[in-house]
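Given the coordinates of chain A, assemble chain B onto it according to the supplied hints.
Here is how the chains run, residue by residue.
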Amino acid sequence: STLEPSLYTVKAVFILDNDGNRLLSKYYDKELYPSMKEQKNFEKNVFNKTHKADTDEIAFVEGMTIVYKCSIDLFFYVVGSSQENELMLMAVLNCLFESLGQILRKNVERRCLLDNLDGVFLVVDEIIDGGVILESDPQQVIQKVNYRVRHLQSQAVSTVWMNTDSDMSTILEDTDDYRKL
Amino acid sequence: MIKKFDKKDEESGSGSNPFQHLEKSAVLQEARIFNETPINPRRCLHILTKIIYLLNQGEHFGTMEATEAFFAMTRLFQSNDQTLRRMCYLTIKEMANISEDVIIVTSSLTKDMTGKEDVYRGPAIRALCRITDTTMLQAIERYMKQAIVDKVPSVSSSALVSSLHMVKMSYDVVKRWVNEAQEAASSDNIMVQYHALGLLYHLRKNDRLAVSKMLNKFTKSGLKSPFAYCMLIRIASKLLEETEAGHDSPLFDFIESCLRNKHEMVVYEAASAIVHMPNCTARELAPAVSVLQLFCSSPKAALRYAAVRTLNKVAMKHPSAVTACNLDLENLITDSNRSIATLAITTLLKTGSESSVDRLMKQISSFVSEISDEFKVVVVQAISALCQKYPRKHSVMMNFLSNMLRDDGGFEYKRAIVDCIISIIEENPESKETGLAHLCEFIEDCEHTVLATKILHLLGKEGPRTPSPSKYIRFIFNRVVLESEAVRAAAVSALAKFGAQNDDLLPSVLVLMQRCMMDSDDEVRDRATFYMNVLQQKQKALNAAYIFNVRLCLSVSVPGLEKSLHQYTLEPTEKPFDMKSVPLANTPITEQKTEFAPVATSKLPEKPGPTRQDIYQEQLAAIPEFQGLGSLFKTSEAVQLTEAETEYVVRCVKHTFARHMVFQFDCTNTLNDQLLQKVMVQMEPSEAYEVLHYVPAANLPYSQPGSCYSLVRLPEDDPTAVSCTFSCTLKYLVKDCDPNTGEPDDDGYDDEYVLEDLEVTVADHIQKVLKPNFAAAWDEVGDDFEKEETFALASVRTLDEAVGNIISFLGMQPCERSDKVPENKNSHILFLAGVFRGGHDVLVRSRLALADGVTMQVTVRSSDETVVDIILASVG
Numbered sequence: 001s002t003l004e005p006s007l008y009t010v011k012a013v014f015i016l017d018n019d020g021n022r023l024l025s026k027y028y029d030k031e032l033y034p035s036m037k038e039q040k041n042f043e044k045n046v047f048n049k050t051h052k053a054d055t056d057e058i059a060f061v062e063g064m065t066i067v068y069k070c071s072i073d074l075f076f077y078v079v080g081s082s083q084e085n086e087l088m089l090m091a092v093l094n095c096l097f098e099s100l101g102q103i104l105r106k107n108v109e110r111r112c113l114l115d116n117l118d119g120v121f122l123v124v125d126e127i128i129d130g131g132v133i134l135e136s137d138p139q140q141v142i143q144k145v146n147y148r149v150r151h152l153q154s155q156a157v158s159t160v161w162m163n164t165d166s167d168m169s170t171i172l173e174d175t176d177d178y179r180k181l
Numbered sequence: 001m002i003k004k005f006d007k008k009d010e011e012s013g014s015g016s017n018p019f020q021h022l023e024k025s026a027v028l029q030e031a032r033i034f035n036e037t038p039i040n041p042r043r044c045l046h047i048l049t050k051i052i053y054l055l056n057q058g059e060h061f062g063t064m065e066a067t068e069a070f071f072a073m074t075r076l077f078q079s080n081d082q083t084l085r086r087m088c089y090l091t092i093k094e095m096a097n098i099s100e101d102v103i104i105v106t107s108s109l110t111k112d113m114t115g116k117e118d119v120y121r122g123p124a125i126r127a128l129c130r131i132t133d134t135t136m137l138q139a140i141e142r143y144m145k146q147a148i149v150d151k152v153p154s155v156s157s158s159a160l161v162s163s164l165h166m167v168k169m170s171y172d173v174v175k176r177w178v179n180e181a182q183e184a185a186s187s188d189n190i191m192v193q194y195h196a197l198g199l200l201y202h203l204r205k206n207d208r209l210a211v212s213k214m215l216n217k218f219t220k221s222g223l224k225s226p227f228a229y230c231m232l233i234r235i236a237s238k239l240l241e242e243t244e245a246g247h248d249s250p251l252f253d254f255i256e257s258c259l260r261n262k263h264e265m266v267v268y269e270a271a272s273a274i275v276h277m278p279n280c281t282a283r284e285l286a287p288a289v290s291v292l293q294l295f296c297s298s299p300k301a302a303l304r305y306a307a308v309r310t311l312n313k314v315a316m317k318h319p320s321a322v323t324a325c326n327l328d329l330e331n332l333i334t335d336s337n338r339s340i341a342t343l344a345i346t347t348l349l350k351t352g353s354e355s356s357v358d359r360l361m362k363q364i365s366s367f368v369s370e371i372s373d374e375f376k377v378v379v380v381q382a383i384s385a386l387c388q389k390y391p392r393k394h395s396v397m398m399n400f401l402s403n404m405l406r407d408d409g410g411f412e413y414k415r416a417i418v419d420c421i422i423s424i425i426e427e428n429p430e431s432k433e434t435g436l437a438h439l440c441e442f443i444e445d446c447e448h449t450v451l452a453t454k455i456l457h458l459l460g461k462e463g464p465r466t467p468s469p470s471k472y473i474r475f476i477f478n479r480v481v482l483e484s485e486a487v488r489a490a491a492v493s494a495l496a497k498f499g500a501q502n503d504d505l506l507p508s509v510l511v512l513m514q515r516c517m518m519d520s521d522d523e524v525r526d527r528a529t530f531y532m533n534v535l536q537q538k539q540k541a542l543n544a545a546y547i548f549n550v551r552l553c554l555s556v557s558v559p560g561l562e563k564s565l566h567q568y569t570l571e572p573t574e575k576p577f578d579m580k581s582v583p584l585a586n587t588p589i590t591e592q593k594t595e596f597a598p599v600a601t602s603k604l605p606e607k608p609g610p611t612r613q614d615i616y617q618e619q620l621a622a623i624p625e626f627q628g629l630g631s632l633f634k635t636s637e638a639v640q641l642t643e644a645e646t647e648y649v650v651r652c653v654k655h656t657f658a659r660h661m662v663f664q665f666d667c668t669n670t671l672n673d674q675l676l677q678k679v680m681v682q683m684e685p686s687e688a689y690e691v692l693h694y695v696p697a698a699n700l701p702y703s704q705p706g707s708c709y710s711l712v713r714l715p716e717d718d719p720t721a722v723s724c725t726f727s728c729t730l731k732y733l734v735k736d737c738d739p740n741t742g743e744p745d746d747d748g749y750d751d752e753y754v755l756e757d758l759e760v761t762v763a764d765h766i767q768k769v770l771k772p773n774f775a776a777a778w779d780e781v782g783d784d785f786e787k788e789e790t791f792a793l794a795s796v797r798t799l800d801e802a803v804g805n806i807i808s809f810l811g812m813q814p815c816e817r818s819d820k821v822p823e824n825k826n827s828h829i830l831f832l833a834g835v836f837r838g839g840h841d842v843l844v845r846s847r848l849a850l851a852d853g854v855t856m857q858v859t860v861r862s863s864d865e866t867v868v869d870i871i872l873a874s875v876g
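Protein chains in written order, with the UniProt record's numbering: chain A, 1 to 181; chain B, 1 to 876.
Rather than coming from a laboratory, the hints here were simulated on the basis of the structure.
Any given hint could be a false lead.
List time: in silico DMTMM-like cross-link candidates among lysine to aspartate or glutamate, alpha-carbon distance up to 20 Å [to be verified]: (1) B:Lys205 x A:Glu4; (2) A:Lys30 x B:Asp133; (3) B:Lys262 x A:Asp137; (4) B:Lys238 x B:Asp253; (5) A:Lys52 x B:Asp373; (6) B:Lys300 x A:Glu98; (7) B:Lys461 x B:Glu444; (8) B:Lys168 x A:Asp29.
Computed from a predicted model, the values in this text were never measured in an experiment.
Pulled out of the complex, with its shape left as it was, chain A reads as follows (with noise of 0.2 Å):
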């Protein structure tokens, strides 16, 4: 039960928000789940599996090896078969969530990622390609991405959610110096 040498690694990666609601999703072997139904009763399925346990980072669901991370109101998964190197796979996820944090300027939140969307798919896009591993590096996933973060006032808006503690009135002008942008 030797696994097939082959370049075919990650099955499908995807992000959820915390309802589970997807966001983002790629399957990449067409035999795994063909139909949209099976596809999002899976991502349910892994997603009450593993959303209480946010720092456990790998589980087993339906004979799969899943890798995930958490971050604020996100849950970004990156599925391989239950042979594949779990290290392997955890290299895209890490690729995958550093790209984004730099792109998103560390807010890696809901609201900024949907505000940024298309960004989002052009990291996944350049991280892997039909299933295989195309970079693993986030510098060379920024440098070829080239992208520029938009809409900062929602983004200033949910630093200011974060940082209850922080000057308010500093926080408000910021979100000013934003919107004059």
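Leaving out everything else, chain B in the frame of chain A:
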């Protein structure tokens, strides 16, 4: 201030999703601005994002609307906004299968792929290859070759990966790019190395020599990419497995050297490869196990998981190799990641000593409710294996399992527990009553019909033979009152079995049965009425035949029964339908113990498909010479008549019919310069067996298996002649042929090839039948034709060996699990059941005693005297 902000936040809805209420039609409407001049990149970008988002959510786009949007999008190539262009590439890929005429963008993409902007080139190649077919690929072949060896890594990688995707469709074209891929493999960029290696392997994987050369080159040159190393390790271990090379091979040395790589990913891949190799010695495993041991204390959960999962695999085959890691595994039991904790504990259950079982079980119970069902099943399987290893611990396990049974959980999980309890009951008679009690409690509140009926069946089988059968009646009758039809029907059948075997319970059972006859469901009522009538006769033989050893539905092949009944309706006759004419189903071989690692749960429902014998029956019925032989009674396992590595490979399958046998010879010609014709196997019998027909195979080209047959009549005047030896010779016409084209010469010559002798034995005339209650079957057949004889088996040293020999010699089904000899016993009784050719039941009771060899007293009963004589004669 803050309040104001609150309100604002509610309005803008920081928690809302700006894409949530998108309407496809509105978005497509918006897409019309793609045609406006000048192009507004920001707005267009937003619309493309919406389209991709909708596609990603599973929104369906019709061909018309998709094509329209696609064509509008092509206009955006006029803009030089980088992100917009990149989003166009993504749209092309997403729409490649939905829109028509996507090839319209070919020239734009070709331009981008060969242009000056490096940011565009890679993604353009990937989009282009997504919409390209084999013919078009040839048109861009020149560009692809250049791109593969391009200095810019992202261009080279994109070309290599796209080529890999194209291999499936256009192997012949991509194959021509091997030299370019070879050049790319020596790139300094680690991803280019990896992609080039992957493509090269895919192009060469069917050429073992080329793969071997490639490995040799790359293992020496020292690649930089850890991904490429992992790939090399996989290729090397596959090659090792295929060539069955010993572990002194340089490939093994390479894999072992990767255990010292600086990347954890590579080290783990190497360790995993070694662990999965067949026939690894403990000494070869040791270095791999010790790196896995180190990983057990890694701060990274994924690495700990990977390590313990792999150690779990090792523990299945070499538990002793893992004992060194016991301390590390103990630490993982409290790991916050429950998957890791579960794997650690199940590994320990395999490697730990009997004394540690109680402690481990206590630890599992502390967290079992927190893990997913998949892992609960893994735990149950580990417990099941443990019960077999340490039968004395069954009470601890049983207790634990009953607690698990009470917890919440899905069907697969509950089924695993029930199966495990049933197997404990079967292995340890003293645990029977506790086990049944737990199962009774379980069916009181069980939502799974399949499990409830399974348990009711078990209660019916085992309950009547326990010291106090009456206590089960209440549980069973509760089912009749409370459950669905299928469960009620099963409960009625179970009740009947108590009534049939326990005289003092019979009056109460009859009362209950009377109430079941009022049931609203037809099946339940029919069963109750039927059992009521049988039970009222108070005849042991009737009870056995119709209540607890029901032969009809248990042992015939269902497709066979269907066919026979169909045949019966086609030919009007006065005679009643003869059940004995229906072929028997092969008793399923007890299933192999499955691996206890997390493996994919099979999604296929278990369908009772046609058996191997049903398939043969079908094939034989299609041959005119074999018309009128009746139903196929038994098909043997294949017997090899040649050595493994000879010019011609022949194996024989024996098919037994009521009065004939058909020998099927499956032949393979392994010479690529020969075509064989008119192939047949000539048979010379040692006894009064008469060869009636030969059905030759017309052609036997190189490496394409073909079958020829011989039809033999069994000696009618001497029914006891059940064994016979045939000397066999393969006869054929040889035509030499061109090894490359397979074109044969016109002329040929006759030749022959001597095969090994073929034996027909008593086992070929007996079909296995499982009697769930052997004692009842024994009474049912009665002692009209009973014979007994005693034999000394001088050459046999153990009871186990004796039992194995008898079973394989007679080819009968062991009943009551009597094929398992308890440890440290000097005597044993083996019960065997079967049906002899022609449809006569035959039962064998064999008492074995061990003392300087084994003494065996055989008692045979059958509904036919000749059959008794045949069995005894063949044993002697």
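**OP:** Take a quick look at whether B:Lys461 and B:Glu444 sit within 20 Å of each other, Cα to Cα.
**Re:** Since the Cα atoms of B:Lys461 and B:Glu444 sit roughly 19 Å apart, the hinted pair holds (cutoff 20 Å).
**OP:** For the pair we were handed, B:Lys300 and A:Glu98, check the Cα-Cα distance against 20 Å.
**Re:** Holds, at roughly 17 Å.
**OP:** Given the hint that B:Lys238 pairs with B:Asp253, test it: the Cα-Cα distance must not exceed 20 Å.
**Re:** With Cα atoms ~14 Å apart, B:Lys238 and B:Asp253 stay inside 20 Å; holds.
Original post:
Do the alpha carbons of B:Lys168 and A:Asp29 lie within 20 Å of each other, as the hint requires?
Top reply: holds, 14 Å
Original post:
Is B:Lys262 within 20 Å of A:Asp137, Cα to Cα?
Top reply: holds, 17 Å
Original post:
Keeping to a limit of 20 Å between CA atoms, is the pair of B:Lys205 and A:Glu4 held or broken?
Top reply: Given pair B:Lys205, A:Glu4 holds - Cα atoms ~11 Å apart, limit 20 Å.
Original post:
Within a Cα-Cα threshold of 20 Å, do A:Lys30 and B:Asp133 meet the stated pairing?
Top reply: holds, 19 Å
Subject >> Given pair status - B:Asp373, A:Lys52, alpha carbons within 20 Å >> reply: holds, 16 Å
This entry satisfies every hint, going by the numbered hints stated previously.
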